[in-house]
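Each chain, letter by letter, is given below.
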Amino acid sequence: MSNVPDTTTKVKFIDDFTKLDTAGIQWVINPWDELSLTRALELKDDPSSGIQTVTVAHVGLISAEPTIRKALAIGADDAIRINAEPADAYFVAAQLANVLKSEPYDLILCGIESSDFNGSTVGGMLAEFLEYPSVSSVSSVKIENGQIIITREIDGGKEIVTVPTPVVAIVQKGIAKEPRIAAMRGIMMARTKPLKVVEPVAVEPLTEVQRYEMPKPRAVCKFVDPENPKQLIELLQNEAKII
Amino acid sequence: MSVLIFVENWDGKFKKLSFELVSYGAKLAEMLKTEIVVLSVGKVENTELEKLGKYGAVRIISAVNDKINVFDGQAYSAIIAGFAALEDAKIVLLSNNTTGKAIAPRLSVKLKAGLGSGVSKLPLSTSPFTVFKKVYSGNAFSNLIIKSDVKILTLAQNSSEVIETENKGVVTTVPIEWNPETVKTRVNEVQKQTGKILLTDAEIVVSGGRGMKSADNWGPMVELAELLGAATACSRPVSDEGWRPHEEHTGQTGKIIAPNLYIAIGISGATQHLAGVSSSKYIVAINTDKDAPIFAAAQYGIIGDASKVLPKLVEAVKDIKGK
Ligand SMILES: Cc1cc2nc3c(=O)[nH]c(=O)nc-3n(C[C@H](O)[C@H](O)[C@H](O)COP(=O)(O)OP(=O)(O)OC[C@H]3O[C@@H](n4cnc5c(N)ncnc54)[C@H](O)[C@@H]3O)c2cc1C
Ligand SMILES: Nc1ncnc2c1ncn2[C@@H]1O[C@H](COP(=O)(O)O)[C@@H](O)[C@H]1O
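Residue numbers (my numbering), protein chains in the order written: chain A, 293 to 535; chain B, 290 to 612.
Hints should not be assumed to be uniformly reliable.
Cβ pair distances, simulated, as ranges [claimed, not checked]:
id, chain 1, residue 1, chain 2, residue 2, range
1, B, F421, A, I534, 20 to 28 Å
2, A, E526, B, T483, 49 to 57 Å
3, B, S503, A, S394, 51 to 59 Å
Once the Cα atoms are required to be at most 20 Å apart in a straight line, the calculated SDA-like pairs of lysine to any residue come out as [what the hints assert, rightly or not]:
id, chain 1, residue 1, chain 2, residue 2
4, A, K336, A, P456
5, B, K570, A, A511
6, B, K473, A, Q439
7, B, K436, A, Q439
8, A, K434, A, P471
9, A, K522, B, D594
10, B, K485, A, I446
11, B, K399, A, L392
12, B, K304, B, T489
13, A, K304, B, P582
14, A, K450, B, Q480
15, A, K514, B, T489
16, B, K579, A, F515
Hints listed in this document are in silico derivations from the structure and should not be mistaken for laboratory results.
Even glycine gets a Cβ: it sits at the ideal position worked out from N, Cα and C.
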């Protein structure tokens, strides 16, 4: 799971647009990862799934621990934090793969994208490092008779597929309805759940952010008389030339 | 040296996005003073493949094997990596659609090639190789340097022009290996939507939010979409309420789209909604609240009640289309 600024954050940058200004930012579990966690816990709640433990893994510095604790409070059994600044997707995936190759998991859930880097990258890279199969655009994961049954979205439809474990499922909308929230008891228990810190291995990132830019402000909105929407159609035809 | 472009086919056919990809690839190759090689995997007729030539494809490789019957990210990335090595590709270009997103990261690890995903314009510079990429769900952009020798780019849909050339593509058919025993993905069932314009392909999208008030008020919106040849979409609460199907939900946690025109009706314009639609070329908003944030993202707006404005809009489009 990735630790990201709350999705309503108005991001700002410092040091000549090279760094995110973290002042005042609320950090949260990436929305997709929150839903992945929810689905993993739903599966664990059903004894027929055979899932016994749910672990969250994060590459990041100690500042991410409150977010990791939140995942434990929601219900994860334990957590692994790889103690490194996430330099790029390749670096993050390599770190995760390094830990997971010696601690195999049957089902690895990743989000389709993180709301900060918008990479849609780490899940597929992790699968390739581990040489596991991966299924993308996953909107449902079920376990029936020990077999993982996945629905994936394709252009203009869905496919229901089976893939042997271990497998990386890269999840999107549909995987769970509402994120589970932490109850008081969960918050109390989270303090004592194991959070293992692992030191990173040396990996050279392949990409680097040179600087950030803010989006160009859009042209000021032109208003059209609500009694005469025909004017709008004319503008779209003659001015914007898009219909 | 070359730019290798992977083009997906849909039941043996290409779409506008394939032509966008080839057009973009041709411009990229020009910038790098090299040639493009287009790779298609699976059965596609030569007449269809030759169409790619029109957009600047010089060499078109058609990699075929009758046994290919499923999309498997692992198998496809192995095939593409093989051709990338053979063609000495310095850049591998894919679409940033579901297929591209499934393949590109795997390819990146296989080739130890840095990935720039969802790029929407040509590189800002070739040395250092720097791409322009959306971050923070559209609230910012990054200038991302790709440091590796080989690079992978995925192109955002509908972000690039389709450019016709005088070129004629030459197709080479290459048999490839496909071992059904080792391919891990098994398809049990396929459910296709038919007869609808796909939201991700649509050039015009008409979208409704909670301001539409109930599931029963969608008639004029659907009619407007049909008249404009548009796809229909909605905000998250609308699909959560079951007023519209889930496939139509746009935004950070729904579909991310970039049509030429996005018409938002009764949508407030929350950041999470805008995250999915802010790359649209034009946004039109119809809302009763003059202070709704959607107007800050829109070029054209109508302050008014959707139930009154929509029928008039439908009449206006009928008028114009009728002429
Ligand atoms: C992690 C997270 C992810 C999210 N992801 C998404 C996402 O992907 N997509 C998404 O859409 N939302 C998402 N949301 C929800 C988002 O924050 C907003 O709540 C949502 O977009 C609001 O939908 P809306 O604009 O339809 O409804 P509202 O915010 O209720 O807005 C309704 C609008 O309709 C107007 N209106 C009312 N009556 C009329 C009328 N008669 N005629 C015209 N206009 C009228 C109102 O003035 C108002 O502006 C997410 C939220 C979170 C926390
Ligand atoms: N620092 C990280 N630690 C652990 N997992 C991550 C990290 N960054 C991204 N991921 C995972 O990769 C997914 C996609 O992220 P991205 O490739 O950045 O869009 C996220 O939803 C997470 O599941």
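Hint-by-hint comparison with the structure:
At roughly 23 Å, the beta carbons of F421(B) and I534(A) sit within the given window of 20 to 28 Å. Restraint check, E526(A) to T483(B): a C-beta distance of roughly 35 Å breaks the suggested window 49 to 57 Å. The hint said 51 to 59 Å for the Cβ distance between S503(B) and S394(A), and at roughly 55 Å that hint holds. Annotation: proposed proximity of K336(A) to P456(A) holds, straight-line Cα distance about 19 Å (limit 20 Å).
For the suggested pair K570(B) and A511(A), the alpha carbons sit about 11 Å apart, so the restraint of at most 20 Å is met. The straight-line distance between the Cα atoms of K473(B) and Q439(A) is roughly 13 Å, inside the 20 Å bound, and the hint therefore holds. For a cut-off of 20 Å, the pair hint linking K436(B) to Q439(A) is broken: about 41 Å separates their Cα positions. Proposed proximity of K434(A) and P471(A) is supported: the alpha carbons are some 17 Å apart, at most 20 Å.
As the CA atoms of K522(A) and D594(B) are separated by approximately 16 Å, the hinted pair is consistent with the 20 Å bound. As the CA atoms of K485(B) and I446(A) are separated by approximately 14 Å, the hinted pair is consistent with the 20 Å bound. The suggested pairing of K399(B) with L392(A) holds, with an alpha-carbon distance near 18 Å, which does not exceed 20 Å. The suggested pairing of K304(B) with T489(B) holds, with an alpha-carbon distance near 12 Å, which does not exceed 20 Å.
Restraint check for K304(A) and P582(B): the C-alpha separation of about 19 Å stays at or below 20 Å, so the hint holds. Between K450(A) and Q480(B) the CA atoms are separated by roughly 5 Å; this keeps the pair inside 20 Å, and the hint holds. Among the hinted pairs, K514(A) with T489(B) is inconsistent with the structure: their alpha-carbon atoms are about 27 Å apart, more than 20 Å. For the given pair, K579(B) sits about 10 Å from F515(A) by alpha-carbon distance, which is consistent with the 20 Å threshold.
Hints 2, 7, 15, counting from the list given before, are not met by this structure.
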